[in-house]
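Undergrad: Please build the complete structure, drawing on both the sequences and the hints.
Per numbering that gives the first Met the number 0, numbering through the sequence shown is continuous, rising by one, with the last residue being 353.
What the hints contain is simulated information worked out from the structure, not anything from laboratory work.
Do not rely on the hints blindly, as some may be mistaken.
Derived lysine-lysine pairs resembling DSS-like cross-links, with alpha carbons at most 27 angstroms apart [what the hints assert, rightly or not]:
no. : residue 1 : residue 2
1   : Lys266    : Lys224
2   : Lys224    : Lys6
3   : Lys39     : Lys29
4   : Lys6      : Lys311
5   : Lys6      : Lys21
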Amino acid sequence: MATSYSKLIHTTLASCQQGSKKSIQLTSWKPGSAVRESAKMLMDSRLSFIDKLFIRQHYLALRQGLVTARQGQLIKAEQHFTAAQKFLQSNQFSPEGDLICKSFQQTAQAYLDYRRGDFNQARTRTLEALAIDTALEEDYNFDLLGHSHRLELAGNLIRIDSRWMQCQRALELAGQLLSYLEGVLEELPLSGSWSSKQVLLLPVESALGIFLAVTSEVALMLAGKNRQVARELFEIMAYPMQLPANQNRCLHPRVHSWFLLKQAFVKGDTTTFLEQASHFLAEGRGDIPLLWYGTVVDLVTLCDDLALPNSKLVKQDIAKNAATWEKLPKSFFPLLGVLEESNSYNKLKSCSHP
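TA: Spelled out as structure tokens, the structure:
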């Protein structure tokens with residue numbers, strides 16, 4: 000059996016080396032892009048000139064706040080959000096214009112709370128934004144806008160809970176959201192009405208973008224976990240047991256492949272994991288680099304568990320190559336045996352050439 004595992008590990012390592020040479024090809028989707036487009040179309044057709052003028056001023060202040068928050072300038076971001084809040088207090092909006100701005104305000108400030116590490120407040124604001132979106136849909140028929148934004152807010156809740164180390168709650172919602180996007184579930188346990196008909200109205204790139212963002216969070220949460228803990232968390236998510244029967248609703252076949260090989264890993268089915276991981280890694284990172292990297296982490300973990308004669312050499316090879324990989328999360332460095340200084344040095348080398 001040990002000889003068989005050694006051969007499979009060498010084959011999987013070769014696939015990893017092959018796949019790592021293929022470039023990352025992320026999707027062009029950006030969070031909020033579909034929401035902004037839907038909001039613009041609805042506002043152009045239904046809101047007054049004054050409404051649109053004040054909403055734009057409010058949006059620009061929020062946008063400045065988000066940009067500075069992403070740059071780590073949290074005090075300056077708070078100042079921009081305070082300026083945006085003043086527009087809301089001016090009483091210049093129609094009722095629906097007021098709700099639109101309040102939803103975006105809560106969402107933006109939730110991000111600032113998230114960056115500060117105040118996850119409880121970030122979650123509270125996100126739930127408030129969900130309730131506001133529900134009112135927009137039910138009272139003012141802003142259906143597509145509200146649904147699109149609520150889906151993105153659901154993804155935000157998963158990210159918040161993940162960083163808050165509330166992994167059980169995050170993974171449970173992640174499994175539900177993935178199943179909902181593929182038509183397996185008809186509703187989500189969140190504010191507002193949900194249905195597969197609404198999902199079909201979403202632009203495909205938006206549904207796929209949210210789907211990939213959520214699976215990336217799942218990969219981050221499960222990476223490096225004790226195998227028994229990972230198995231328990233994986234079972235909470237339940238998504239792999241609810242793959243869509245209608246393959247036309249399958250948003251990303253490689254994501255499904257990853258869930259199946261991850262399932263084999265957490266259940267201790269070593270042969271199946273190595274065989275499936277070999278095919279998966281050979282295909283490259285594509286638009287799911289975190290899933291690819293998570294699979295390599297599992298391969299390293301397996302080498303530790305099996306303690307085969309060639310395990311140390313396999314791990315050394317992976318660590319050496321991983322130091323050059325793009326978009327490798329810092330949290331994965333110790334899991335792959337990568338020194339942060341080594342990774343930074345290789346990035347500097349790559350930047351010094353045209």
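Undergrad: Taking the hints in turn, state whether each one holds.
TA: Right, here's what the structure says about each hint:
1. Lys266 - Lys224: Distance of about 13 angstroms is within 27 angstroms: holds.
2. Lys224 - Lys6: 26 angstroms, holds
3. Lys39 - Lys29: At roughly 16 angstroms apart (the allowed maximum being 27 angstroms), lysine 29 and lysine 39 satisfy the hint.
4. Lys6 - Lys311: Since the Cα atoms of lysine 6 and lysine 311 sit roughly 15 angstroms apart, the hinted pair holds (cutoff 27 angstroms).
5. Lys6 - Lys21: Measuring from Cα to Cα gives roughly 24 angstroms; hence the hint holds.
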